[in-house]
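Note that the protein sequences, when read in sequence, are chains A and B.
Here the first sequence is numbered in the working numbering, starting from 37 and rising by one per residue.
Here the second sequence is numbered in the working numbering, starting from 37 and rising by one per residue.
It is worth saying that the hints were derived from the structure and are not from the lab.
Fair warning: there could be bad hints in the mix.
The list treats identical chains as one, so a pair stands whether inside a single copy or across any two.
Result set (DSSO-like, lysine-lysine): computed pairs, CA atoms no more than 30 Å apart in a straight line [as the list claims (entries may be wrong)]: (1) Lys221 - Lys274; (2) Lys297 - Lys113; (3) Lys401 - Lys213; (4) Lys213 - Lys81; (5) Lys376 - Lys338; (6) Lys376 - Lys340; (7) Lys88 - Lys148; (8) Lys401 - Lys233; (9) Lys376 - Lys233; (10) Lys233 - Lys150; (11) Lys401 - Lys221; (12) Lys234 - Lys401; (13) Lys148 - Lys234; (14) Lys88 - Lys150; (15) Lys376 - Lys401; (16) Lys338 - Lys401; (17) Lys113 - Lys340; (18) Lys401 - Lys208; (19) Lys375 - Lys401; (20) Lys234 - Lys221; (21) Lys234 - Lys375; (22) Lys95 - Lys274.
Protein chains: 2
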Amino acid sequence: MFFPLIQQKTFFSLFLCGVCALLSACGQEQQTAGSSAPQQNYEWKLVTSWPKNFPGLGKAPETFARDVERMSGGRLKIKVYGDGELVPGFQVFDAVAGGTAQMGHAAAYYWKGKAPAAQIFTAIPFGMNAQETNAWFHYGGGMELWREVYAPFGLIPFAGGNTGVQMAGWFKKEINKLEDMQGLKMRIPGLGGEVLKKVGGIPVALTGGDLFTSLQSGAIDATEWVGPYNDLAFGLYKAADYYYYSGWHEPGAALEFIVNKAAYENLPQDLQAIIDVATRAVNQDMLDEYTARNNEAMQTLKMKHNVVMRPLPADVMAGLRQAAQAVMAEQAAADPMFKKVYESYQRFQVGVSEYHQVSEVEYYKNRNPQTQP
Amino acid sequence: MFFPLIQQKTFFSLFLCGVCALLSACGQEQQTAGSSAPQQNYEWKLVTSWPKNFPGLGKAPETFARDVERMSGGRLKIKVYGDGELVPGFQVFDAVAGGTAQMGHAAAYYWKGKAPAAQIFTAIPFGMNAQETNAWFHYGGGMELWREVYAPFGLIPFAGGNTGVQMAGWFKKEINKLEDMQGLKMRIPGLGGEVLKKVGGIPVALTGGDLFTSLQSGAIDATEWVGPYNDLAFGLYKAADYYYYSGWHEPGAALEFIVNKAAYENLPQDLQAIIDVATRAVNQDMLDEYTARNNEAMQTLKMKHNVVMRPLPADVMAGLRQAAQAVMAEQAAADPMFKKVYESYQRFQVGVSEYHQVSEVEYYKNRNPQTQP
Numbered sequence: 037m038f039f040p041l042i043q044q045k046t047f048f049s050l051f052l053c054g055v056c057a058l059l060s061a062c063g064q065e066q067q068t069a070g071s072s073a074p075q076q077n078y079e080w081k082l083v084t085s086w087p088k089n090f091p092g093l094g095k096a097p098e099t100f101a102r103d104v105e106r107m108s109g110g111r112l113k114i115k116v117y118g119d120g121e122l123v124p125g126f127q128v129f130d131a132v133a134g135g136t137a138q139m140g141h142a143a144a145y146y147w148k149g150k151a152p153a154a155q156i157f158t159a160i161p162f163g164m165n166a167q168e169t170n171a172w173f174h175y176g177g178g179m180e181l182w183r184e185v186y187a188p189f190g191l192i193p194f195a196g197g198n199t200g201v202q203m204a205g206w207f208k209k210e211i212n213k214l215e216d217m218q219g220l221k222m223r224i225p226g227l228g229g230e231v232l233k234k235v236g237g238i239p240v241a242l243t244g245g246d247l248f249t250s251l252q253s254g255a256i257d258a259t260e261w262v263g264p265y266n267d268l269a270f271g272l273y274k275a276a277d278y279y280y281y282s283g284w285h286e287p288g289a290a291l292e293f294i295v296n297k298a299a300y301e302n303l304p305q306d307l308q309a310i311i312d313v314a315t316r317a318v319n320q321d322m323l324d325e326y327t328a329r330n331n332e333a334m335q336t337l338k339m340k341h342n343v344v345m346r347p348l349p350a351d352v353m354a355g356l357r358q359a360a361q362a363v364m365a366e367q368a369a370a371d372p373m374f375k376k377v378y379e380s381y382q383r384f385q386v387g388v389s390e391y392h393q394v395s396e397v398e399y400y401k402n403r404n405p406q407t408q409p
Numbered sequence: 037m038f039f040p041l042i043q044q045k046t047f048f049s050l051f052l053c054g055v056c057a058l059l060s061a062c063g064q065e066q067q068t069a070g071s072s073a074p075q076q077n078y079e080w081k082l083v084t085s086w087p088k089n090f091p092g093l094g095k096a097p098e099t100f101a102r103d104v105e106r107m108s109g110g111r112l113k114i115k116v117y118g119d120g121e122l123v124p125g126f127q128v129f130d131a132v133a134g135g136t137a138q139m140g141h142a143a144a145y146y147w148k149g150k151a152p153a154a155q156i157f158t159a160i161p162f163g164m165n166a167q168e169t170n171a172w173f174h175y176g177g178g179m180e181l182w183r184e185v186y187a188p189f190g191l192i193p194f195a196g197g198n199t200g201v202q203m204a205g206w207f208k209k210e211i212n213k214l215e216d217m218q219g220l221k222m223r224i225p226g227l228g229g230e231v232l233k234k235v236g237g238i239p240v241a242l243t244g245g246d247l248f249t250s251l252q253s254g255a256i257d258a259t260e261w262v263g264p265y266n267d268l269a270f271g272l273y274k275a276a277d278y279y280y281y282s283g284w285h286e287p288g289a290a291l292e293f294i295v296n297k298a299a300y301e302n303l304p305q306d307l308q309a310i311i312d313v314a315t316r317a318v319n320q321d322m323l324d325e326y327t328a329r330n331n332e333a334m335q336t337l338k339m340k341h342n343v344v345m346r347p348l349p350a351d352v353m354a355g356l357r358q359a360a361q362a363v364m365a366e367q368a369a370a371d372p373m374f375k376k377v378y379e380s381y382q383r384f385q386v387g388v389s390e391y392h393q394v395s396e397v398e399y400y401k402n403r404n405p406q407t408q409p
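Bound conformation, chain A alone:
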């Protein structure tokens, strides 16, 4: 490619060209490069709490990395690691805070040991759904509070997707009354687990990969996971006979991207903006995917695997609702930052749910009046 070009030139022209190149290339072009930001390339690591490419949850960080690389023209390349590939899924927070990776994708309630208030940014039992939570994050002060909670750890959080309403879960025995929850060993994390404890159950902490065998062996009596799309992928229908749909513990579970603050601040402004906007796009993309795929998976569960989906009885829901209020009050009393975040969340929920009563709820009722309870 290069030599044919040289051979056409005399020594003199080559010399002149050389001086010219020095004057222009070595001088001005460097200046140009300097003024439009030095085109430095960055290679980042992104650790996650999910199996690599797990449907929905694991797809989001891959989409994010692809978008960032495309938008930056390859200047910011982000390599995504599944649970355990670089660090275990429950060490994502520490890994990003400590700089082992520049970014993470996880769920904030995993970090309740670091900051109890973090739980609120994932979901609250009987709290807001996906649309409401996103409104609180971006127009109700939620993101500002989330940044405040993570600031002491040198981390910047971004909303990183939402699963929509999660199903109540898979049970080995039928639930007919609130007393049936007593002594029930159930995999359920975060505040939902605290609520289960309050009604006499025994919350168990397990990562997703252990759910199936624990349920099948009887080590646990029940488990929630996400919804039909993810539950089908784990084959949970093979390990439990009863699938209850009445979601209450995670009515719109928000995921998170976390970014090491020093690494973020080391980026030029355009790449910072690319991260800001790409996280926002993925935040919606995941909900779109779950909304579309959950129904397909529900049909497969029903038609192919003969799963019957049941509602939880009204008295069970009433008991859980009451227990949830008590749990939230206790958590708020125990931690001032939890209290501060919860007050903001609660104020927003009161308002938005009043509006959704005359908009979304009224509409669902009028669209399908025959299927209303």
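Fit chain B to the given chain A structure using the hints.
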């Protein structure tokens, strides 16, 4: 910056440097410049159907332009024009197709005269809400169909925000039964207008800016617009005594970005990606804003302006629902592309609404059981 560097060099080293520069700069560096795309700057015009900076609708294109400029490091600057500033709001489609502007922000149902199927991409009476529509767009084949419908015009569409469920609107007289709709002159665009006609009403086409005076003067008997946030901004409560909330005509009105295809293809790939992702982020941002602001505005309407919000009677809703089915069947029979898009939409709606019955609807019911009808 440059000469001090030269002065340290002997002629020989300068010569060597020159050759070196030729070998590296004139050869490889030019290659680098070529491969990382010449840093050309672009200035685009974006025309909209809204008053400049109108809450929600008009804010979205401003947010988009700001995000694109930040992410591109100023390489793509987009100037946003309000309704009438460069072209009238109803000429956005033609202006972008013809190249007067590279982009537009509008609502697809304004272009039913160009392509009847376009209406479906905004909203369908008794159709899908925002969350469902976004899932159809991005994971149910909706966007592919939208691109197909706009391709003959040299336009690329992107989902560009959503208002959520729109309110039934403002009426000068009380609506007690379906017969009260007969002879009613109401501003209501698109398929909703066709449904109104079917139950005996008279749909009127008016831009937003004319609503207040037309309603106040009695030129129209009723109008829908968006919801509390936008309705309050227009002061509609001063011109009509009855505010009905039971939304049915636009249960999740999607806005659109349209891009001139030739202009898009003229961009380097990184700037194309920036447009793709920025539209997606704004698509969610608008819904977040409406979700948060509608409630605040509803409280203002109720508390400050003594507005009473009412549901439409069940027999009115039943009549509208029946009329909507007839309208959709007629439209599908009249236009093959409308039929094709509607079949995709309908198939998706049947599935997603079955899933939302056990997730979103079940959850709303269990969260606030006392407020259920």
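Status of each hint after checking the structure:
1. Proximity of lysine 221 and lysine 274 under a CA criterion of 30 Å is satisfied intra-copy only: 18 Å inside one chain copy versus 59 Å between copies.
2. Taking the shortest Cα distances, lysine 297 and lysine 113 sit within 30 Å of each other both inside one copy (18 Å) and across copies (28 Å).
3. Both within a single protomer and between protomers do lysine 401 and lysine 213 lie at most 30 Å apart by alpha-carbon distance, with minima of 27 Å and 18 Å respectively.
4. For a Cα distance limit of 30 Å, the shortest separation of lysine 213 from lysine 81 qualifies neither inside one copy, at 48 Å, nor across copies, at 62 Å.
5. In the homo-oligomer, the alpha carbons of lysine 376 and lysine 338 lie at most 30 Å apart only across protomers (28 Å), although the nearest pairing inside one protomer, at 43 Å, exceeds that limit.
6. In the homo-oligomer, the alpha carbons of lysine 376 and lysine 340 lie at most 30 Å apart only across protomers (29 Å), although the nearest pairing inside one protomer, at 47 Å, exceeds that limit.
7. For the identical chains of this complex, lysine 88 and lysine 148 are intra-copy neighbours only, at 24 Å inside a copy versus 44 Å across copies, given an alpha-carbon limit of 30 Å.
8. In this homomeric assembly, lysine 401 and lysine 233 come within 30 Å of each other (Cα to Cα) only across copies, at 24 Å, whereas the closest approach inside a single copy is 34 Å.
9. For the identical chains of this complex, lysine 376 and lysine 233 are intra-copy neighbours only, at 24 Å inside a copy versus 52 Å across copies, given an alpha-carbon limit of 30 Å.
10. In this homomeric assembly, lysine 233 and lysine 150 come within 30 Å of each other (Cα to Cα) only inside a single copy, at 21 Å, whereas the closest approach across copies is 60 Å.
11. With identical chains, the CA atoms of lysine 401 and lysine 221 are at most 30 Å apart between copies only, with a shortest distance of 27 Å across copies and 36 Å within one.
12. When the C-alpha separation of lysine 234 and lysine 401 is checked against a cutoff of 30 Å, the pair qualifies only between copies, where the shortest distance is 22 Å, while the shortest distance within a copy is 33 Å.
13. For a Cα distance limit of 30 Å, the shortest separation of lysine 148 from lysine 234 inside one copy, 18 Å, qualifies, whereas the shortest one across copies, 57 Å, does not.
14. For the identical chains of this complex, lysine 88 and lysine 150 are intra-copy neighbours only, at 25 Å inside a copy versus 45 Å across copies, given an alpha-carbon limit of 30 Å.
15. When the C-alpha separation of lysine 376 and lysine 401 is checked against a cutoff of 30 Å, the pair qualifies only between copies, where the shortest distance is 28 Å, while the shortest distance within a copy is 35 Å.
16. Taking the shortest alpha-carbon separations for lysine 338 and lysine 401, both the intra-copy value of 24 Å and the inter-copy value of 23 Å come in at or below 30 Å.
17. Taking identical chains as interchangeable, the C-alpha atoms of lysine 113 and lysine 340 are never at most 30 Å apart, the minima being 41 Å within one chain and 53 Å between chains.
18. In this assembly of identical chains, the alpha carbons of lysine 401 and lysine 208 lie at most 30 Å apart only when taken from different copies (26 Å versus 33 Å within one copy).
19. Taking the closest pair of Cα atoms, lysine 375 and lysine 401 come within 30 Å of each other only across two copies (27 Å); inside a single copy the shortest separation is 35 Å, beyond that limit.
20. Taking the shortest Cα distances, lysine 234 and lysine 221 sit within 30 Å of each other inside one copy (13 Å), while across copies they are farther apart (57 Å).
21. For the homomeric pair lysine 234 and lysine 375, the shortest alpha-carbon distance inside one copy (20 Å) is at most 30 Å, but the shortest distance between copies (54 Å) is not.
22. In this homomeric assembly, lysine 95 and lysine 274 come within 30 Å of each other (Cα to Cα) only inside a single copy, at 25 Å, whereas the closest approach across copies is 50 Å.
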